[in-house]
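2 protein chains.
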Amino acid sequence: MIKVAILGYGNIGRAAEEAVKAAPDMELTGIYHHDDCLSCIAGNIDVMIVCTPTREVQKFATVLAARGICTVDSFDIHGQIWSLREAMDAVCTANKTVSILSAGWDPGTDSMIRALLMAMAPKGITYTNFGPGRSMGHTVAAKAIEGVKNALSMTIPLGTGIHRRMVYIELEEGADFKTVEANLLADDYFAHDETHVIPVDSVDALNNVAHGVNLVRSGVSGATHNQRFEFNMEINNPALTGQVMVSCARAAFRMKARGEYGAKTMIELRPIDLLPGSTEQNIKALV
Amino acid sequence: MIKVAILGYGNIGRAAEEAVKAAPDMELTGIYHHDDCLSCIAGNIDVMIVCTPTREVQKFATVLAARGICTVDSFDIHGQIWSLREAMDAVCTANKTVSILSAGWDPGTDSMIRALLMAMAPKGITYTNFGPGRSMGHTVAAKAIEGVKNALSMTIPLGTGIHRRMVYIELEEGADFKTVEANLLADDYFAHDETHVIPVDSVDALNNVAHGVNLVRSGVSGATHNQRFEFNMEINNPALTGQVMVSCARAAFRMKARGEYGAKTMIELRPIDLLPGSTEQNIKALV
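Which chain is which? The protein sequence lines are A and B, in order.
Per our numbering, the first sequence starts with residue 129, numbered consecutively.
Per our numbering, the second sequence starts with residue 129, numbered consecutively.
These aren't lab readings, by the way, just hints derived from the structure by calculation.
Incorrect hints may appear among the rest.
Identical copies go unnamed one by one, so any copy, or any two together, can satisfy a pair.
Unchecked claim - The calculated lysine-lysine pairs, modelled on BS3-like cross-linking and capped at a C-alpha distance of 25 angstroms, are: (1) Lys131 / Lys251; (2) Lys251 / Lys149; (3) Lys251 / Lys412; (4) Lys149 / Lys384.
No experiment lies behind these values; they were computed from the predicted model shown.
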């Protein structure tokens with residue numbers, strides 16, 4: 129049994145807990161809050177699933193990897209993944225362990241599908257269309273506008289990678305909607321997309337963790353144009369993220385056992401390493 | 129530059145040639161007909177793309193691997209892949225080389241997607257719906273019926289993995305359609321599916337290498353049901369198969385360079401190994 133623990137117990141941590149409990153080859157050895165003293169973490173851990181806020185991932189993953197514990201995170205700032213990988217790779221290699229970075233659905237499984245489609249049709253354009261679903265980054269930006277008590281920013285796909293933002297806001301007592309709307313539309317998070325601001329009595333009444341993706345590629349295989357590919361999903365967002373992290377925990381454990389130390393993103397993983405069961409069972413069932 | 133050669137020059141061999149020529153990191157060092165004497169093959173080959181009929185793959189791949197040459201094939205008899213892998217793995221390990229087996233779209237890239245969807249939602253059902261497109265196996269079976277001059281069997285997806293067979297036949301002079309139809313419908317290849325037999329003046333007039341897949345999974349991530357996934361493609365069949373084999377040739381070359389000897393199916397490959405360019409370039413572009 130792979131000994132798995134969870135650090136951080138928000139939406140993703142809870143979903144990861146469910147996925148560990150459903151895995152036939154894992155046991156849950158602990159759940160830690162991210163304000164726990166890291167030095168208190170017991171030694172009985174093969175893989176720590178790091179479910180802290182993204183900006184705290186590196187701090188915790190570095191300490192854990194330095195102790196030789198495998199880590200999995202869902203770090204999601206696309207532009208900073210390479211530098212995180214460089215930093216974590218050095219720590220993991222020095223301490224003979226494995227970190228899997230940005231394990232979720234985007235970055236994550238979508239990245240694997242984008243890579244696979246590039247291998248199938250090397251020239252062409254891929255569009256990743258997100259939603260409908262909540263954008264965490266845009267929701268945080270909307271909440272930071274003066275006069276906003278609570279907010280929810282929905283991402284609506286318009287095709288070819290273009291998105292509409294539907295921003296539902298609960299105003300603070302006495303705040304002026306027109307002023308709040310103007311400030312929000314001027315914010316850099318919203319200024320570049322079609323954005324609609326809608327006042328509501330209760331943001332909580334809109335709460336729903338559904339999300340989706342429509343990933344489309346038209347490209348060229350060899351000399352043959354018009355090869356068309358499409359991947360769609362409609363999912364519970366934290367449930368999928370937690371599950372993908374747990375599947376990656378299995379891959380991290382196996383890679384460490386084989387001496388393949390270092391930090392990896394999901395496009396660097398073998399799909400079979402994500403699955404329980406033997407090589408023979410999986411090849412016979414899936415290939 | 130990776131030195132790539134092609135063995136077999138039918139539809140797939142020609143498509144592989146186009147894909148090698150389009151690859152920025154490969155040079156084509158030879159094209160061999162599968163009745164060429166294997167001892168005549170020049171030594172200047174890193175990877176041989178084996179485009180012979182499926183039943184001849186093992187014979188040729190074994191001889192090539194014994195010489196330390198990497199091979200890629202698109203062996204497509206699902207029930208025999210594991211035993212082929214066992215046999216080729218022994219030859220490859222002994223001769224410090226790499227064989228990638230069943231590199232096409234099914235088995236192949238579909239297998240990778242099925243594995244990925246299992247990692248995203250471990251419980252549930254996946255349906256792989258093929259077509260519309262030609263089935264080689266059913267076409268060969270139809271041609272073997274007495275009184276059939278030429279035939280084409282189309283696979284039509286009806287959903288949930290159920291398929292209709294549309295069999296177009298050109299009769300031999302004096303053959304009786306009703307007799308041919310009855311014999312065909314009684315053949316084990318057709319007896320278990322909804323099958324329609326249609327007489328035509330020219331099978332050649334129907335020639336089209338288009339094919340497609342609709343791969344659907346509904347499953348459970350952690351404890352959350354009703355996670356829904358779908359992969360669709362509409363493609364030129366030999367062009368995609370040839371391209372996938374060429375992308376796998378790159379992976380074989382890299383795995384051999386890292387000392388990862390043996391025979392592998394596509395679910396055992398890292399997606400990034402299929403792509404030209406550096407790890408940094410691909411992570412920045414795709415993750």
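Checklist entry - Which holds for Lys149 with Lys384 at a C-alpha limit of 25 angstroms: within a copy, between copies, both or neither? => result within (22 angstroms within a copy, 38 angstroms between copies)
Next on the checklist: Treating 25 angstroms as the Cα threshold, decide for Lys131 and Lys251: within, between, both or neither.
Outcome noted: Between. Shortest inter-copy distance 21 angstroms satisfies the 25 angstroms Cα cut-off; intra-copy 43 angstroms does not.
Checklist entry - Which holds for Lys251 with Lys149 at a C-alpha limit of 25 angstroms: within a copy, between copies, both or neither? => result between (42 angstroms within a copy, 13 angstroms between copies)
Item to check | Lys251 and Lys412: within-copy, between-copy, both or neither at 25 angstroms Cα | outcome: between (32 angstroms within a copy, 17 angstroms between copies)
Hint violations for this structure: none, all hints satisfied.
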